[in-house]
Amino acid sequence: MAEWLNEAEVASVLEKAKWIEEDVEWRRRPGYQEFSVEVRSESVGHAMVLKGVITEATGYFKLHLFAGSQPIVMLHAGKVHHNPDCEKLHERIHKHVWTDAYREKRAYVPTELTVSDWASVFHGFLRECNIGFRGRFVAPAIQRRLW
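Just so we're on the same page, this note's numbering is the position in the sequence shown counted from 1, plus 12.
Please keep in mind that the hints were generated in silico from the structure rather than gathered at the bench. Be a bit skeptical, because a hint or two may be false.
[What the hints assert, rightly or not] List time: in silico PhoX-like cross-link candidates among lysine-lysine, alpha-carbon distance up to 25 Å:
| hint | residue 1 | residue 2 |
| --- | --- | --- |
| 1 | Lys91 | Lys107 |
| 2 | Lys74 | Lys100 |
| 3 | Lys107 | Lys117 |
Let's have the full structure, built from the sequences with the hints guiding it.
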């Protein structure tokens with residue numbers, strides 16, 4: 013992918029059917045846990061990956077969907093976000109979608125996510141991104157409550 017996708021191209025990628033065919037298992041690293049899985053599609057012409065990271069000390073949680081090296085959709089939870097226009101999102105969970113004006117910097121509070129457990133957040137994010145899941149999801153091994 014030589015150039016990054018514009019907003020319309022990102023919307024097109026998100027509309028197309030995609031899937032994950034592997035298990036999601038968090039790997040422990042010093043101070044955090046992470047996973048990375050390939051996202052496949054017959055109609056998206058870009059290599060795609062979904063990455064997750066959780067910081068153990070704070071519980072700060074991120075899911076990032078990449079097309080090539082470009083982050084096109086991100087879900088962050090565990091801290092307040094400030095948008096480029098100085099709007100402050102006080103809710104502890106927010107979602108970023110690539111825009112031409114703000115790149116990945118602008119966020120909003122998703123109303124369509126159920127935040128009852130790790131699996132519901134993960135599967136809700138996949139539904140919003142039109143990603144099917146043919147694997148097994150293992151929640152991170154962390155002793156913190158959800159936001």
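Verification of the supplied hints:
Restraint check for Lys91 and Lys107: the C-alpha separation of about 12 Å stays at or below 25 Å, so the hint holds. The hinted pair formed by Lys74 and Lys100 meets the criterion: a straight-line CA distance of about 18 Å does not exceed 25 Å. Pair hint Lys107 plus Lys117 holds up; C-alpha atoms about 10 Å apart against a cutoff of 25 Å.
Going down the numbered hints, you'll see the structure goes against none, and every one checks out.
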